[in-house]
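Given the structure of chain D, go ahead and fit chain H onto it with the hints provided.
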Amino acid sequence: QKEVEQNSGPLSVPEGAIASLNCTYSDRGSQSFFWYRQYSGKSPELIMFIYSNGDKEDGRFTAQLNKASQYVSLLIRDSQPSDSATYLCAVLSGGGAGGGNKLTFGTGTQLKVEL
Amino acid sequence: EADIYQTPRYLVIGTGKKITLECSQTMGHDKMYWYQQDPGMELHLIHYSYGVNSTEKGDLSSESTVSRIRTEHFPLTLESARPSHTSQYLCASKSDRNSYTGELFFGEGSRLTVL
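Going down the list, the sequences are from chains D and H.
Residue numbers are given in my numbering: position 106 of the first sequence equals residue 106, and the series is strictly consecutive.
Residue numbers are given in my numbering: position 44 of the second sequence equals residue 44, and the series is strictly consecutive.
Some hints here could point you the wrong way.
Derived lysine-lysine pairs resembling DSSO-like cross-links, with alpha carbons at most 30 Å apart [claimed, not checked]: (1) K57(H) <-> K42(D); (2) K67(D) <-> K18(H); (3) K42(D) <-> K18(H); (4) K18(H) <-> K57(H).
Just so you know, the hints here were simulated from the structure itself, not pulled from any lab data.
These figures come from a predicted structure and were not determined experimentally.
Only chain D is shown next, with the shape it has when bound in the complex (with noise of 0.2 Å):
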């Protein structure tokens, strides 16, 4: 079992709609959850953390966190054409070397979002 699963998709909405991005991690103490967007060619981008149970929002992005079911997942919602990308799950955890923190990245899951 990989310790970040996500849905390599491709994940194709149509403009306007609600984009819907999941990622189970394997280790309970894991810390801190990150979403990444990576347009194709270039470096990963932060645009969202979260760290405790339920919503965060920022702007048109929604983070969920349910630690007891081990998922986080992310929302857009009015999804546009520079929505389109490659969003990668991360999750902090415990376990590194020498007891600092380990963070690992999912596969990550392509969006489309179409006109």
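Chain H alone, transformed into the frame defined by chain D:
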């Protein structure tokens, strides 16, 4: 905007050559990372550093080596490049002032092609 820089952005070299990929950040971050990513594939951690004179191998075995003599500089070296080393190499850094956030800042990447 992140202040982390990678050079060269693109490099095409022949088999057997020694190459060094440079990475510098001006944010004073202690933690720095090298990831390897093939097109459309997941990020793989190959090296990381928690500070000066500290380097560790990541989850993916790599023939490359790294050094951390100065806080701001984290170069990656391949002594003898091979076609299997062809990939995108992404450098990242983060601050640990707030352990819950710990946002990763990525450089623009170095795309290496070994002929």
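Checklist entry - Is the hinted pair K18(H) and K57(H) satisfied, with a Cα-Cα distance of at most 30 Å? => result holds, 20 Å
Item to check | Straight-line alpha-carbon gap K67(D) to K18(H), limit 30 Å | outcome: violated, 46 Å
Checklist entry - Does K42(D) lie within 30 Å of K57(H) when you go C-alpha to C-alpha? => result Answer holds: K57(H) to K42(D) is near 24 Å, not above 30 Å.
Checklist entry - Given the proposed pairing of K42(D) with K18(H), does the C-alpha separation stay at or below 30 Å? => result Within the cut-off at roughly 25 Å; holds.
Of the numbered hints listed earlier, the single one contradicted by the structure is hint 2.
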